[in-house]
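K.L.:
Remember, our numbering sits 42 above the position in the sequence shown when you count from 1.
Treat the hints loosely; a few may be bogus.
No more than 27 angstroms apart at the CA atoms, straight line, and that leaves these computed lysine-lysine pairs for DSS-like [what the hints assert, rightly or not]:
| no. | residue 1 | residue 2 |
| --- | --- | --- |
| 1 | Lys219 | Lys258 |
| 2 | Lys156 | Lys211 |
| 3 | Lys156 | Lys142 |
| 4 | Lys70 | Lys174 |
| 5 | Lys258 | Lys245 |
| 6 | Lys159 | Lys258 |
| 7 | Lys142 | Lys289 |
| 8 | Lys325 | Lys219 |
| 9 | Lys219 | Lys156 |
| 10 | Lys211 | Lys70 |
| 11 | Lys156 | Lys174 |
| 12 | Lys211 | Lys142 |
| 13 | Lys245 | Lys219 |
| 14 | Lys245 | Lys142 |
| 15 | Lys289 | Lys156 |
| 16 | Lys258 | Lys156 |
| 17 | Lys211 | Lys132 |
| 18 | Lys289 | Lys245 |
| 19 | Lys245 | Lys174 |
| 20 | Lys159 | Lys211 |
| 21 | Lys245 | Lys279 |
| 22 | Lys142 | Lys165 |
| 23 | Lys156 | Lys132 |
| 24 | Lys165 | Lys219 |
| 25 | Lys258 | Lys165 |
| 26 | Lys159 | Lys245 |
| 27 | Lys174 | Lys142 |
| 28 | Lys258 | Lys174 |
| 29 | Lys174 | Lys159 |
| 30 | Lys279 | Lys211 |
| 31 | Lys132 | Lys81 |
| 32 | Lys211 | Lys174 |
| 33 | Lys258 | Lys279 |
| 34 | Lys81 | Lys70 |
| 35 | Lys219 | Lys159 |
| 36 | Lys142 | Lys132 |
| 37 | Lys211 | Lys325 |
What follows is a set of in silico ranges between Cβ atoms, one per label pair, in the way DEER data are often shown [claimed, not checked]:
| no. | residue 1 | residue 2 | range |
| --- | --- | --- | --- |
| 38 | Arg135 | Glu260 | 53 to 63 angstroms |
| 39 | Asp234 | Lys70 | 38 to 48 angstroms |
| 40 | Tyr168 | Glu260 | 54 to 64 angstroms |
By construction, these hints were calculated from the structure, which means they are not laboratory data. All C-beta atoms, glycine included, are put in the ideal place defined by N, C-alpha and C.
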Amino acid sequence: MTRTTSALALLLGALALSAQAADPIYFKLDELRASPEVKAIEQPPMLVYWGTQPATEFAEYSRIQTYTRSGISLSPFGGSARHCVEAFVKTLRDMVADAKERGYDAVLDLRVVKDGKPVEDPKGFYCTPGYKTTEVSLRGQFAMTAEAARRMAADEERLDHLPPRPPAKDAIFLPLKPLLASPEAAALAGADIALYQGGDAPKYRDRFGPDTWSGKAELGDQAQSDACRRAALDALKAMVASARERKYDAVIRIRSFLDSAYPPVPTDYECQRDGRTVEVQFKASLATRT
């Protein structure tokens with residue numbers, strides 16, 4: 043072995059040892075929350091309750107959510123404290139952004155998760171920088187204040203009274219209610235999943251969404267309306283599969299959402315032809331009925 047090769051091997055060995063010997067670093071939550079990056083994320087009207095901070099009653103809750111994001115190290119010497127902070131900020135930012143996207147305005151019982159369990163220390167947590175990636179996980183529950191619930195109800199009411207418009211290019215409107223009441227939809231939903239269109243929804247314990255699902259079908263020699271029906275059933279099949287996978291028992295507020303546009307009549311769905319294919323898209327939420 044040449045001297046150069048030997049030196050390189052020693053250096054790589056030292057780097058490997060230093061990566062394995064990274065020490066846990068303790069971070070104080072108060073100091074992290076005082077940073078401009080975290081202050082911007084926790085900006086009102088979003089309410090963030092860490093650990094056992096007392097919270098008032100809310101109109102709606104989600105299930106407990108766990109998010110994990112990474113800080114990436116480009117240094118040959120591995121990660122540092124900066125990458126722990128980077129991962130923490132990314133995780134919190136994405137979690138709060140998702141809560142807002144789904145109509146919630148609070149995150150409750152927010153805790154750092156370590157080895158699959160929430161950290162009990164209310165003041166801080168340990169993070170060990172990784173050699174290439176450093177991960178931080180946060181767990182919490184989304185919630186909706188009474189004011190946010192009123193806004194959501196007003197939005198639902200608005201969607202029931204949209205101004206008239208023609209369908210998109212090469213698209214048609216079709217009735218949604220007969221589709222959801224069809225034997226094919228009933229077979230897809232089975233006895234364990236209930237389907238609710240538009241603003242119709244039962245009382246529910248928790249909700250996931252809204253989310254979007256698409257369906258496609260070949261036009262073939264059929265009328266466009268027949269192919270559209272098969273595409274819509276394809277989208278319903280995907281919704282029901284998501285509900286079963288996530289262990290919800292209802293799909294609620296099902297609305298057409300082709301090209302991010304709702305139909306002017308809430309009981310219609312829009313189906314577009316593209317060559318020999320037709321496509322539909324629905325927006326809906328998953329829920330657990332009370």
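K.L.:
For each hint given before, does the structure comply? Return the numbers of the non-compliant ones in rising order.
P.N.:
2, 5, 6, 9, 10, 12, 16, 17, 19, 20, 24, 25, 26, 27, 28, 32, 35, 38
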